[in-house]
Amino acid sequence: MHSMRLLKVGAGLAAMALVIAGCSSSSGTSGASASPGNGLPKLSAYAGPVGKGEGVLNILDWPGYALPQWTKPFTQATGCKVNVKDFGTSDQAVQLMHSGGYDVVSASGDATLRLIYGGYVAPVNLSLVPNYADINPQLKMQKFNSVAGIPYGIPHGRGANVLEYNTQVVKPAPTSWNITFEKNSPYAGKITIYDSPIFIADAALYLMKHNPSLGITNPYALDANQFAAAMALLRQQKPMVANRWSGSTQQIQDFQKGTIVAGTSWQYNVLTAQQAKAPVSSIVPSEGATGWSDTWMVWSKTPHINCAYDWLNWIVSPQVNAQVAESFGEAPSNIKSCAYTTDKTFCKQYHATDAAFWKNVWYWTTPTARCVDGRTNVQCIPYDQWATAWSQLISG
Amino acid sequence: MTATAVAAPTKGPLHRIRIFMYQKVWARGLAILTLPVAWLVLVYLAPLVVLFLTAFWTTDSLTNQVVHQFTWANFQMVFTTPAYLRVIARTVGVAAAVTVLSLVIGLPMAFFMGRIARPRWRPILVALVLTPLWASYLVKVYAWRTMLGAPGGVVSWMLTPINKLFGTSFNGPGYGWAAVIITLTYLWLPYMILPLYNGLERLQDSMLDASADLGAHNVRTFRKVVLPLIFPSILAGSIFTFSLSLGDYITVQLVGGQAQMLGNVVYDNFTLNLPFAAAMATIPVVVMVIYLLVARRAGALEDL
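Protein chains in written order, with this note's numbering: chain X, 1 to 396; chain L, 1 to 304.
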């Protein structure tokens, strides 16, 4: 029919026109555009002073970082109503910052550099955060929260990715990651691993101690050879893994039901499971562990800048930092907070100021082509290739 | 001719449009269809085209932002990586298995509803079949997740007397491919039953009587008379089960354990590597277009 043909042609042309119109605009990101090779985006920190709050603050955080116990007093003190969105992996955090709408984000080291170079976070004016003075100097101006001497966030706290295990099934109590990696593990089929490409570093860490001939000195600085070895270890581990986790809730349930008896975990998961009477415990094994040191960063396009800086100062104040650390199970960043924990041995348990302990914990970092361990004679595998290799590993 | 004193209508532009619409049939057709077609283009075609185009771009290595640089690399990766080819094959396999299983379970149910149950009961039976659709998708999948979880789930609990009897320790399928197929079959069963019910209800009794008169017993009648007549209904139902299973990723995440389907690959990659996810996402579109063309040829689309 004449009109039908006309319509089909018209529809096709209209689709084309729409697409061409859409393509000529930007790819819809919410940060300052950073084309490759441009280097650091030119953003400036808030000049201040911190004035009256805008009434609303949208927080993007790891689950457990913004609980009502300390967000309600924050709202009472500043008038900034808090909306919290949780994410399960750093990749999710980066993606959510791409879509925008979150004023502050608690970013781990494997997200910070991507956010900084993508222009999603602005430098932080440290003079506007009085509590910064009491932050542990070991965490100030590190490679993951500052670039070229410019600070991009306030350290929140740090922790290790522990080995959680079912005390009734895993006997004797484990001391090494070998029960999750070695071929003949008696717990095969009931092991869980973290569902993110950054887990490749855990395999690399295991090889660092058990296969020193590979010469791995930093699990985030892997040349082609070392990377292939880590992937081979993960492929060997794959048949023993029941599932991968990124949502704490499901992983806690799995440990409660007994579907999983051993695997990578956060202290937060262990504490929550123990509160639900699950027979679990955790250790940092002899090989050490990967871990994270989280930084609160400010969105470069936030309309709630005063509430954002109020939050930065609040969350690292001694009492609140102690509350968060005890609730989540991590080492607080503020050295004064050790006086405020309900358990007086908390800071010692979590090695809050024990520098020697953290030498064996490798904070999540963004792997780049320029090796993060300083080697210049080889090229290291950058994170996007980690993601590709991981995607192929879990697909088949 | 009776002449009523009517003033000649004013020959304004509105009048000319009216004449035009009256005389040209295609103009009327165009006017009626413009809005729905515009909706179709904006909501369906344009995103598909954008998706297809995105598959030819690439991303910045550090920031993962999309860079408008033409490349074949994404499609190359989809078609030359054995892992991804396996994912595509397994996904099509699961979709086919779900379709067959839905058919095996749904056909007897639809047959009972459409031919054996008294006409009074039919609307009630249809309503009962449709009731699961009122519950949210996630609630249903979580229910299956709880049931299949071994050792603590309902399925393993139900198998305990059998295990005691035979001295085995089978805890049910647990999480994995079997669980995915079972759950997806449960989810899409109403979509298979309804077209089958429609087709079977319309089957004329006289056909079955004639077949019996000619000497065919039940099975022969079913194979040679009933099945060919309801084949379009079967195809229509299978379009639903096949296409819905092809793109599913949530069920796989919840009950699949380590399983990965095509939807999961897209979901895992669209944050960091949107062009690659777009390339992967064009595969089910192509598969479904082929499937729908075949179905149209076989006359299935008339029975919806």
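Mixed in with the good hints there might be a few duds.
Facing chain L, according to a computed beta carbon distance under 10 Å, are these residues of chain X, among others [unchecked claim]:
hint, residue
1, P63
2, L67
3, Q69
4, Q92
5, Q95
6, G118
7, P123
8, S146
9, V147
10, I150
11, D254
12, W314
13, C371
14, V372
15, T388
16, G396
Hints were generated in silico from the structure; no laboratory data involved.
From the three backbone atoms N, C-alpha and C, an ideal C-beta is built for every residue, glycine too.
Tested hints:
1. A hinted interface residue such as P63 (chain X) counts as satisfied when its beta carbon comes closer than 10 Å to some beta carbon of chain L; here the least separation is about 17 Å, so the hint is violated.
2. Given hint, L67 (chain X) at the interface with chain L, is violated; its Cβ is 24 Å from that chain's nearest Cβ, farther than 10 Å.
3. The restraint placing Q69 (chain X) at the interface with chain L is violated, with a minimum CB-CB distance near 28 Å, outside the 10 Å limit.
4. Interface restraint check for Q92 (chain X): the shortest CB-CB distance to chain L comes to about 7 Å, inside 10 Å, so the restraint holds.
5. For Q95 (chain X), the interface hint holds, the least distance from its beta-carbon to any beta-carbon of chain L being 3 Å, beneath 10 Å.
6. Satisfaction of the interface hint for G118 (chain X) is found here, the shortest Cβ-Cβ separation to chain L being roughly 4 Å, below the 10 Å cut-off.
7. Below 10 Å, beta-carbon pairs count as interface contacts, and P123 (chain X) has none with chain L, the closest being about 17 Å; its hint is therefore violated.
8. The beta carbon of S146 (chain X) is not positioned within 10 Å of any beta carbon in chain L (closest approach about 17 Å), and the interface hint is therefore violated.
9. For V147 (chain X), the shortest C-beta to C-beta distance to chain L is roughly 12 Å, which exceeds 10 Å, and the interface hint is violated.
10. For I150 (chain X), the suggested interface contact is broken, since its CB lies about 17 Å from the closest CB of chain L, more than 10 Å.
11. At its closest, the beta carbon of D254 (chain X) sits 8 Å from a beta carbon of chain L; the interface hint therefore holds under the 10 Å criterion.
12. The interface hint given for W314 (chain X) is violated, since its Cβ lies 30 Å from the closest Cβ of chain L, which is over the 10 Å cut-off.
13. Given the 10 Å rule on beta carbons, the hint for C371 (chain X) is violated: about 15 Å separates it from the nearest Cβ of chain L.
14. With its C-beta approaching chain L no nearer than about 13 Å, V372 (chain X) sits outside the 10 Å limit, and its interface hint is violated.
15. Of the supplied interface hints, the one on T388 (chain X) holds, with its beta-carbon coming within about 7 Å of a beta-carbon of chain L, less than 10 Å.
16. Here the hint on G396 (chain X) is kept, as its CB sits about 3 Å from the closest CB of chain L, short of 10 Å.
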